[in-house]
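Q: What follows is the residue order along each chain.
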Amino acid sequence: MSHPSRVLPTSIRKAPPSLVGILLYISLVALLLLGVGLMDGGLAQAQEQTPGVSPLHPTFPLLDTDGVNVLVSGHSLSTMQTCGNCHDTGFIADHSFHTSVGRESYTAPGQQPNGQPWEMSHGLFGGWDSIAYRYLTPPGDERYDLGLADWIKFYGPRHVGGGPATNAPDGTPLADLAVTSDDPFTHSYNPATSQLSVWDWSESGVEEMNCFLCHMADPDLTARSEELTAGNFGWANTATLASTDILLKEGEVWNWNPDAFSSEGSLLADYVFIQDPTPENCGACHGTVHTSAEPLMPSEITADDLHTQRTGQIFTGQRVKDTGLNIENKDELNRAYDIHAERNVACTDCHFSVNNPIYYQEPDGSRPDHLNFDPRRLDYDYYLVQPEHNFARGEASQHLVSAQYTDSMRRCESCHDAETTHDWLPYSDLHLSVLSCESCHIPELYAAPLEQVDWTAIHTDGASLVTYRGVEGDVNDLTALITGYEPVLLPRTGVDGEAQLAPFNLVTTYFWTYGDPLRPVRLEDLRRVYLTEDGAGDSYRPQILALFDADGNGQLDETELRLDNAAKVDLVRGELVALGLADPQIQGEIQPYAISHDVTNGSFATGECKTCHIEDSRLNHTFQVAAYRPGDVTPQFTNVSGVTVVGELTVSENSTVNYVPSTTAMGLYVPGHNRVEWVGWVGLSAFLTTLAGVFVHGGLRVYQAGRRVKKTHRKGKLHKFYMYGFYERAWHWMQSIVILLLLATGIIIHRPDSLGFLDLGLVVPVHNILAALLVANALFAAFYHFASGQIRQYLPQPVGYFPQMLTQAEYYVRGIFRGEPHPFQKLPGSKLNPLQQITYLVILNVLLPLQVITGIVMWGVTRWPLLAAQLGGLPWLAPFHTLIAWLFATFVVLHVYLITTGHTPLAALKAMTVGWEEVELIDDGDA
Amino acid sequence: MKFSRYGWIAGALVTLLIIILPIGYLTGFFEPQKVDPWDGLPDHMAHTDHTGLFTDPLTTGPEVTAACLSCHEGAASEVMATSHWTWEHGPYDLPGHEEPVYTGKANVLNNFCIGIQSNEAACTSCHTGYGWVDENFDFTEETAVDCVACHDQSGLYIKGKGGQPEEGIDLVAVAESVANPSRDNCGSCHFTGGGGDAVKHGDLDNSMLNPSPELDVHMGEYDFVCTDCHQAEHHEIDGRAISVSLDDANQIYCTDCHAEEPHEDDRLNDHTATVACQTCHIPEFARKEATKVEWLWSEAGQDLPQDTHEYLKIKGAFVYESNVIPTYAWYSGTADRYILGDVIDPSQITEMVKPKGSIADPSAKIFPFKVHEANQIYDTVYNTLIQPKTFGEGGYWTDFDWDQAARLGSERVGLPYSGEYGFADTEMYWPITHMVAPSEDSLQCAACHVEGSGSGRLDWAALGYDGDPMFFGSREQQLSVPPGTLSSNLNNDQEAQQ
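In order, the protein sequence lines correspond to chains Y and G.
For the first sequence, counting from 1, position 670 maps to 670 in my numbering; every step adds exactly one.
If you want my numbering, it's the position in the second sequence, counting the first as 1, plus 1000.
Since the hints were made in silico from the structure, they are not lab data.
Quick caveat: nothing in here was measured; it's all calculated off a predicted structure.
Incorrect hints may have been included.
Unchecked claim - With a Cα cut of at most 25 Å, we get these calculated DSS-like pairs of lysine-lysine:
1) Y:LYS720 to Y:LYS568
2) G:LYS1161 to G:LYS1288
3) Y:LYS610 to Y:LYS330
4) G:LYS1288 to Y:LYS321
5) Y:LYS330 to G:LYS1288
6) Y:LYS568 to Y:LYS717
Sequences are here, hints too, so could you generate the full structure?
A: Below, the structure written as structure tokens:
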């Protein structure tokens, strides 16, 4: 029994990552193979089919809206009828945001959450897209931009049909709508004549949900768009088949090709091109998709490629260097644009139908605690009848589309186990909780997306002024160098309420608004202000040209058109007022667009510590949001659902607007980048003051010693004592070395820019290991001192301690210069003088514990995040740790100096090395 | 006391160790380093300058050799033990053959110039010896060894008929120039096998004398010479080709220098048990010069326009192709080959050399090949391929008489000839292993793994798979054998044999 390789529907070939999922997958495959095996004979032929022809989908008749075979009626086909023969097309149309595009959230204008006053939904239908600019006119508005029929003509190519293209928001079929006065659903507006006319929906037909758009290999988008633009809505779906021989166009008329049908009137098997949606299908609207082995050419990036225009995302597995795009340093970019595209992961593998039994996974929140995976699956038969056409989606979306499916998609962590692959990353838990996967794995986009769209002025063709980022020169010029861009990182809040930094592009739009309630100035009115018809097409009106044409060449280029002075703004505003628009204002919006594609693997992801842990941290990179400000208006963030804007907008001297993120405002303390300045100054002052004091004191000693040379110094008798036992010396030196190394590594971590000759990824673990050694050594030493009773040496005498301290201090201030003997003899049983005792008391009981505790809490910041949070988190712990480190450094200086105060400068050092020390003992009588 | 005098030094060392050991251990400093491919390269020793060492005039090849041997005693006998001299390997026990067979250039047939027997004088211009013009050549004569074919660096040395130096070459200058073999030395024969540049291998031609990094990363980017991989000891040079050899002793593997799983990415490393390095890293062969992919001997003898790349009266019609996508087959390191006298089925394509291996063979990996298609003369009565005499007196290239060429050739090899001949289709596999592209030009997933109705460059069914392993699982899963049973690899296998 042979198993044909191409008989399985594509979508079931991908296994969910869990073990249960794999088992399920295997059993499903086994079942299907069994079924296939039984049907072996019939399917053997299927293998020989031409590419694009479905291996499994049965043949079917094409039906018109009345359910009559189109061969009989000669009408356009109805997808709802044709596909509805087997599939529940009513269910599908009702469960598809692609179809409804917001119709289900339709309200009166101005009632959308976070919406503009003229918005009526959170989708393309009635929502506001300031880049596309045209909008559905709210009912009751006198000034029409788009009636529903006009909306379909304009936005139809971006809409899959159905939803508002077949039914009014209340569900009434469009053809059944009663014509009411100036109602946008039954009227069409002609800007050329400024006339409203009744739209005859029965004449135009309606554009049903277009199954072919996504379910065939090569839908004819051009023919479809032509029908839509011409208002022949009822033929749009039929025209989508124009790329096949099913349909022949004779003159202006579509005719069905009888050769494509069987004698029973069904399509012949060779004409059944039905398939699972491929990336190309999705790419037709959503962005540039390239799967062929030929180089990706600039012509493939079109204005219709929504996400490519708005973020620069290109979905292809092709290596950047192999494309035909003019990209900076291209030869070195041997990464694929998108690792998932490279690895054959298709759009629908993540954005699957949410009741697809292969993929469906109940969200964590609603799944009972005792289940990791719910094995009960919708039977495949039922799925094929009623496939949910809302697709799994991620966390961030600007337009709040199908909010109930937020985070229904597989996220990175659904398939990838970041913990096992990030063991090289210090504090991986912390990094992974602060940073989304995308923030490192989408380090750069190699395309030139929108930066600014300015509708305050227009070109003669009615287009806005557009600025692109990531390109040197005109984006439409093939020789322009695409430099790409580094996306800005903004905290994105997931459904779990936790915010992580994630990459975004920010697109700024400017446009005029007027009136109350507020409305955007229609393109038609802009045309009236700027343009005049002169027979050969539109040209600028004389008064516009007179004021705007700086170089006097009779043309207005992109720069001249900018409303960059008050005179231009006043002129345009005056003209708008003259058109009857009340109180025209310039409005500026900044819209964040999330970036989740163009992912790269570890080899090309951000992995250098110093990308972020440095003064010029990637987290704080300034991001230009506008190249200029029309009317000096600073744009504001809009519609930022799921995104927190932390940082500020600044206007530079040359009027560019920049977004400056702030790690502090994000609540982050990024070692190496963030510092508390006063801690550094205080610490440095203490250190330098001590150093200076030591030099002065030491200098004076040397000077005094020189003067004393000739005097007969009254010397005591030298006695040799075994001052430090082996263990005492060992722990001392170990601690010394460890402390010095801790200070050295600590300062590298603290200031990686100037001192970071070593990689933080190495230095940080070394610092932690050293700290562990220090603590262990300290504990051993403490045990030794307690057990041996040596601890007593550290304890000041209860009586008369204060005067003793004074005596010792007095010695350092005066006696030492006169060659006087130490006031307290250093003996094996009492090695420490009173000042030493108090110093060590403070160091061992205050500084060391504080340093160890702050260090441990920082080390364990992801293990016990609550503990760290209660102690103020890194922003408080880290500077404190730094301050104490300074004090330790200061102590080291002092300590090293004071050990030179024995009977010879090196006596104490020698003692701590070999154990034996010669001590001058003065007889009591002599003292 | 005496203990404590120096005891502190020991103490200091122990203290340092207590600090260094945990740091080294925990930061992975002591972990074994990755395989460094450069460790596999031989040292390039400076060669002694031979200028002025030759006082006697040198007028013939054997005189040069004698001069070499006066210092390099034993060099000739070393060479004479190698296949560069014997053009023969063996004995091999071959199924279907009662006697053990010896194979090599000396006696096999291919589907280029077919075979050397009776044509020695033309073919042995690439023999590392002097005077092999017929079956009477004395393989024990030390001075007949040609040292300078491989060691000349003057660029003046050219071998002619019977391997003799062409007339007028200043052999003293040649002898004085000797050094380790360069690309030119190896290339003078190996780039032009089959009668011209780029004819045979597909991955070895004159573009490899000075290749760009894109054409050959080892030689173009890192300036390798042939002998960096084809290392020699006692003149025994590593490397094996299934076109002449029936075993894979002495073979060279990528993993001689590179790690078994050299990729950072586990998904790529998962391929290495099944897919040879060459498969992804040599996306196409003949990337600079077109190579011969088809040779129709049946068309020879006509008075058609002569063109080295399309038609020659003496040889027939050819097809050359460049940027050829390889043919992929399972390959365990050895091959089946046609032996003189084997009976063929003239209705089928006769495989002159076909790699051994299958999906079920744990030592086999998917490997790229150039497949050279041809037709050539055979005996229509005995159904055996014929060794024709092409060169020299009575040869086809002289008289254009196939019958006479067949008769003379068959007499020479001692096979019967019925007098009836025809032309049979033959095919020959050549492993593609040179022209390794830089890693950034290696194949990407979609070259083989294609979702939906398209097809990649691997024909899964032909390779024995039920379907694309991306969806249907590894060969172990598809053959229902326990995991690990098919995941050994060529190199391990090789070591196990040794």
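Q: Run every hint past the structure and note whether it holds.
A: Status of the hints after comparison with the structure:
In summary, the hint linking Y:LYS720 to Y:LYS568 is not supported, as the alpha carbons are separated by about 95 Å, beyond the 25 Å threshold. With a CA separation close to 29 Å, the supplied pair G:LYS1161 and G:LYS1288 exceeds the 25 Å bound. The hinted pair formed by Y:LYS610 and Y:LYS330 meets the criterion: a straight-line CA distance of about 24 Å does not exceed 25 Å. Proximity of G:LYS1288 to Y:LYS321 is assessed by CA-CA distance (about 20 Å); at most 25 Å being required, the pair is judged to hold.
A hinted pair counts as satisfied when its Cα atoms are at most 25 Å apart, and Y:LYS330 with G:LYS1288 qualifies at roughly 23 Å. A C-alpha spacing of about 98 Å is found between Y:LYS568 and Y:LYS717, which places the hinted pair above 25 Å, so the restraint is violated.
The structure fails to meet hints 1, 2, 6 from the earlier list, while all remaining hints are met.
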